[in-house]
Every structure is written in structure tokens, then in C-alpha cells.
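The listed protein sequences correspond, in order, to chains Z and L. Last residue of the first sequence? That's 190 in the working numbering, and every number before it is there in order. Last residue of the second sequence? That's 416 in the working numbering, and every number before it is there in order.
Just so you know, these hints were derived from the structure itself, not from any lab. Be a bit skeptical, because a hint or two may be false.
[Stated by the list, open to error] With beta-carbon atoms standing in for the labels, derived distance ranges:
hint	chain 1	residue 1	chain 2	residue 2	range
1	L	259	Z	177	39 to 49 Å
2	Z	71	L	58	48 to 58 Å
3	L	122	Z	59	25 to 35 Å
4	L	309	Z	173	24 to 34 Å
C-beta atoms are modelled at their ideal positions from N, C-alpha and C, and glycine is treated no differently.
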Amino acid sequence: MKTLYIDLLSVFFVIAFALLLSPLAESTTLEQLSLLQLTSAAASVVLAKCTGNQALWHGGEIWTVTSFRVLGNWKGNSPREIHVWMIGGRVGPVSSYVPGAPRFRTGEEAVLFLEPARSGDLSITAWSEGTFRIRRDPRTGEMLVTQDTAITPNFDPSARKFYATGIRDWPLAKLKARVIAAENSHGRLQ
Amino acid sequence: MKRTRAEKFVRHVAVVTACSFLFQFAGAPLARAYVRDFTVPAAGGCPLPQHQNIAIGAPPLARQWSTSLPNINPSTIATVAAQGTSAQLDEIEATIQQAYAVWSGVSGTLVNASSFPNALGPLARTATQNACSPDPVNGVQSGVDGVNTICFNQTSAAFTTGVLSFTRVIVADAPSQIFGSAPPSNFAGQIIDADICFRNDGHATFATPGALATAPGAYDLESLLTHELGHVFGLDHSGVWRAIMFPFAPSPGTFFGDRPTASAPDAPLADDDRAGLRSLYPDPADTIDTGFISGRILPANPFALADFPATSPGQYVTGMFGAQVVAVDAATGSVVSATLGGWTCDAANPPPHFDGSFTLGPLPVGHSYTIYAEPFVGLVQPADMAGAVSDICGTGASLPCILPAINANFAPRLRP
Numbered sequence: 001m002k003t004l005y006i007d008l009l010s011v012f013f014v015i016a017f018a019l020l021l022s023p024l025a026e027s028t029t030l031e032q033l034s035l036l037q038l039t040s041a042a043a044s045v046v047l048a049k050c051t052g053n054q055a056l057w058h059g060g061e062i063w064t065v066t067s068f069r070v071l072g073n074w075k076g077n078s079p080r081e082i083h084v085w086m087i088g089g090r091v092g093p094v095s096s097y098v099p100g101a102p103r104f105r106t107g108e109e110a111v112l113f114l115e116p117a118r119s120g121d122l123s124i125t126a127w128s129e130g131t132f133r134i135r136r137d138p139r140t141g142e143m144l145v146t147q148d149t150a151i152t153p154n155f156d157p158s159a160r161k162f163y164a165t166g167i168r169d170w171p172l173a174k175l176k177a178r179v180i181a182a183e184n185s186h187g188r189l190q
Numbered sequence: 001m002k003r004t005r006a007e008k009f010v011r012h013v014a015v016v017t018a019c020s021f022l023f024q025f026a027g028a029p030l031a032r033a034y035v036r037d038f039t040v041p042a043a044g045g046c047p048l049p050q051h052q053n054i055a056i057g058a059p060p061l062a063r064q065w066s067t068s069l070p071n072i073n074p075s076t077i078a079t080v081a082a083q084g085t086s087a088q089l090d091e092i093e094a095t096i097q098q099a100y101a102v103w104s105g106v107s108g109t110l111v112n113a114s115s116f117p118n119a120l121g122p123l124a125r126t127a128t129q130n131a132c133s134p135d136p137v138n139g140v141q142s143g144v145d146g147v148n149t150i151c152f153n154q155t156s157a158a159f160t161t162g163v164l165s166f167t168r169v170i171v172a173d174a175p176s177q178i179f180g181s182a183p184p185s186n187f188a189g190q191i192i193d194a195d196i197c198f199r200n201d202g203h204a205t206f207a208t209p210g211a212l213a214t215a216p217g218a219y220d221l222e223s224l225l226t227h228e229l230g231h232v233f234g235l236d237h238s239g240v241w242r243a244i245m246f247p248f249a250p251s252p253g254t255f256f257g258d259r260p261t262a263s264a265p266d267a268p269l270a271d272d273d274r275a276g277l278r279s280l281y282p283d284p285a286d287t288i289d290t291g292f293i294s295g296r297i298l299p300a301n302p303f304a305l306a307d308f309p310a311t312s313p314g315q316y317v318t319g320m321f322g323a324q325v326v327a328v329d330a331a332t333g334s335v336v337s338a339t340l341g342g343w344t345c346d347a348a349n350p351p352p353h354f355d356g357s358f359t360l361g362p363l364p365v366g367h368s369y370t371i372y373a374e375p376f377v378g379l380v381q382p383a384d385m386a387g388a389v390s391d392i393c394g395t396g397a398s399l400p401c402i403l404p405a406i407n408a409n410f411a412p413r414l415r416p
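Start from the sequences, fold in the hints, and give me the full structure.
If you want it as C-alpha cells, here you go:
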């Protein structure tokens, strides 16, 4: 019997786009922020490359301090080297795991929305929401970005379909243009 | 090697029924990873799921909450009772108890309040503001006290814009480890201490169930607590929409799923949540939730795996790594379990083998299930997926294992 196949990818992108337009969904750990909200909240937005990680105890918590070399400033004027603090990590035999806190590998490139945390140290706005990983399309070489919160395909039991939320596989140039437009828009509103 | 019929179906990422799969039972060595985090023992061996020391004969789970509330007007926690009164603390505590009761209402687990009424210790109170990150113990800055604590007024530098609450989980990678003032660990993968912090700077407000309808813009405290307590028990985020462990919850003013009732204390949970808890704390006397669905996800073109380097000496990638697999009850349409497929580990012969294996369960026996599979997007690397896969190989040299890249080289298809 002939079998009919339906490609789900188009469904993913349609729903993901629809969800991008919706500011309603919230998270138990994170408010879901639009790109405009992210850009507005961040003190700086950078394209950066991870150069190393160091985990340490500070204030009764384990923190992972990730060093980045800034490749481009999209908002603000960050120095060439920055150090980003995220809660959690591993020191000796102690592992501190915080779901939703992004981690980076040396050599990895990402677009980061950054703000000073309460301690004054640099941290990532809305954690995984303000983290956009970069990869190169193996066919075209184009640089693509995906928001950390868009990595996992989600399953809707009522529709019996997978879908993705957030920004997924956007061209880097497109994200940059949207961030700059958001920043300009915010500036005009002020 | 001749493939089974089930493997061929999964290879095509099609909808298949459970009868096509091999049913396995508790104790099978296959990976059941998706909703749990893993720790590789310091001494080596297979990755072990992280969980609390909840077992028959184990001491009750130590838990407390800090009655210190932010001094902000209006309050960050809306209650029916007047702010600043003992009645308000009672109402908040009742919400915490209710959130715990959601998880202890799951049948077939060692957490179940009916079967094991002493699994959870009494919910104590502390007036200490920063009880979720106590001062150094014996001169050692540890922040670990072995008491699972909920804080609404914790001074934490971790909060940035958009972060409402988080759970910090401390895990041991060997028995007899001593952290801070916590009792020594009993096993590798034991959660020593898990604390929940809520935002306390006035940028987010929360409401008890009774106050939710009259607190504009407030998040449902019970839903957030129930989700965070899932992390306390060792569950990670689920990819199943409407599961309490799904990272996105309803908007302010609404709550997740159904409110718990006396007859259905675990009503807010989805079956995926229940399956996750049962996998971590199975009741050995449970005769209902004992079924597992196992299979492998293989590429249509076996040469697609040829470029993957060996993950350990003599061990090559022989299946898809990093796919979400979902089981749906064929009769009810309910999602009953989800997992992250792709690996297996034989306790007698570690390290893990990345052969595309998955196992779903524990599931109620006697039902038919439909299986769905979906790859993670191609850019994802194991480190991106937090504890779900990042700790499968461990960080030490005791286990010669290198995580393969997430393999998304298959197209999702739905066969009607």
C-alpha cells in the first residue's frame, strides 16, 4: 500500500514564527521576551567567541565564568575581552546544576545579550533566551543562529506534532538587522 | 546483521505501535535519558541518573522554606490573607505543601504519600533570609546544607532580566562525599541539596491559588513551585507540551493543567511527569507501571554515520544520537512518556555506546502506544543540552568516552 508522508519541518517553522509574534507564553524560570524586549533590556549585544571557562566558589555558590573575545558590538561598546558569570558549574567533586543556565565550549561563537547582574558582574539577559548559538550551514557556508530556548523540539499531544519556539536557524545578518532595528526603534520611542 | 521489523519502522521515523517493539522491564540497561540528568561516578562506570536519597529505609527528605519575604509594596507574593500576617505565611506554606503533594500523589513511586508517608520530612520554617545559600560552614564556603530549601527573598546575583525563579541542584559523584554541613553522600548521582530561589526585586509577582484571580500580572505560585520541585526531585525540562516540566508555563493569571484535588492530588502533572518520577523512584511493589518500550533510531543510509569518529576505543557511532522520542497512548491520545534517545550502557562493559537506542517508560502495561521521533536541530552540541546529555561521558579521565555530535541527519516524517 502506498504510504503518504507529510513533512513536519514546514509546520515547525510556521508555528515557530507564529509563536515569535506572541508575547503571551511565559516560563516557570524565564519570562518569554520578544527580540525587542531582549534588546531593550540588554545593556550590550555582542557577537563573541568563547575562549575559556573557569568555575569557582563565590558568595556561597558555584559560578562559571566564561571568557569571550568580542568579534562585534551590535549594541553598546564592549571591550575586546569580556567575562560572563553564570550560576552553576563544577568545582572539584561538587557539581552545581541549574536548569536553564547556558554553558559554552571553548571556540564556540554566539550572539549574547548582556547586562550587569546585581553583583555588577556581566551576565546574560534572560539566560538561555539571551543566548544565540552560531553554526555554519554546511552547504552554503552561511552563518546561522538559533536561540537556546529554540533548540528542543516540543511535542504537542493534542495536535500530535512537534514544533519549535523562538528563533531557529536565522541568518546571522538577519538577526543583526533585527537587533539594530529594535535598538533604533527603542531609541525613537524614548 | 538483520534488523528487526521494529528497527526498520523507527529507522524511517514513522508512527509505529508499541506491539512492534520489544517490551522490557525494570532493570534493563538501556538509556532512559530525556527527563533526567546523569552523573558519571568518579570511579568510572555507566552514567547514573541524578536523584535524591529517597529509598526504603532512607531518612526522610529534609526540606524547609524561608519565611523572609521581600519588603516591597505591593508584595511580590499576593495572598488572600493580609500582607505581613501569620495567616499570609500559613497560606504560602499551604501552597508549598500542595506543590509537594502533587509529586507525592504520583502512584507507583517511593515518594507516594499513601504508600510511603515518611518519605518526605516535615516542612520546616526558617527565618533566615538567605537560607538557600548559607554562610560558610566551618570556614569553608560551601552553600550546601543538605536541606532542600525554598527562598522568596534570597539575595542572589544570578537573577537577570526575565529570570523568575530557578533551582540549584548539588550532586555528588561518589559515595561518602561530604559537602558543607550536609550528611555524607550515599551513592554517585545523589542530589545532596536542591534549593529554589524566587525573584525578589519586585520585577515579578507571584500569587497563591486563592489570590491569583485578583492579582493582575502575577504568576501562579503553585505552578512554578511544582515545576521547580520537579528539578528538586531530579527531573530536567521535558519537551512535552503541557507537562509540568515543560519550560514554558501559562501566562500570568492562569495556572498549569488542573488544580489538584483530594482524589487526584497529582492532577497538574502530565503522564510524562509521572513516568519521569517513577523512573527515578520506582516502587518495587508497583505492578501497573512496569512496561518499557525500547528501540533504536537508525539512519536510512547507514553510511551517514561513517564520518563519526570513535567515541571510545573500538566503539563507533552506530545509531542516531540526540532525538526526542515520544510515546502516545493509542486509546486516549495522552503523551505518556518522552525520552532523549541515542545511547546505551552495559554496566559490565562501560563506557556508553552510541547506537541510537531509546527506552520509554515505565508505562502502564496492557496499553497500545504510538511512537513519534524527532531530531534535535543540527547545530546542537551535547554541551548545549545541559545535563540531559552533557554528563553522559563525564568529565574525568576514568571513562574514555567522547560524546558524538548531535546527529540530526534524518527527516521527520509522519505516516498516517
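(message) For the hint 39 to 49 Å, verify it against the beta carbon of residue 259(L) and that of residue 177(Z).
(response) 45 Å, holds
Okay, residue 71(Z) versus residue 58(L) on CB: inside 48 to 58 Å? 51 Å, holds
Does the beta carbon distance between residue 309(L) and residue 173(Z) stay inside 24 to 34 Å, or does it fall outside? 33 Å, holds
Is it true that the C-beta distance of residue 122(L) to residue 59(Z) lies inside 25 to 35 Å, as the hint says? 29 Å, holds
The structure shown violates none of the earlier numbered hints.
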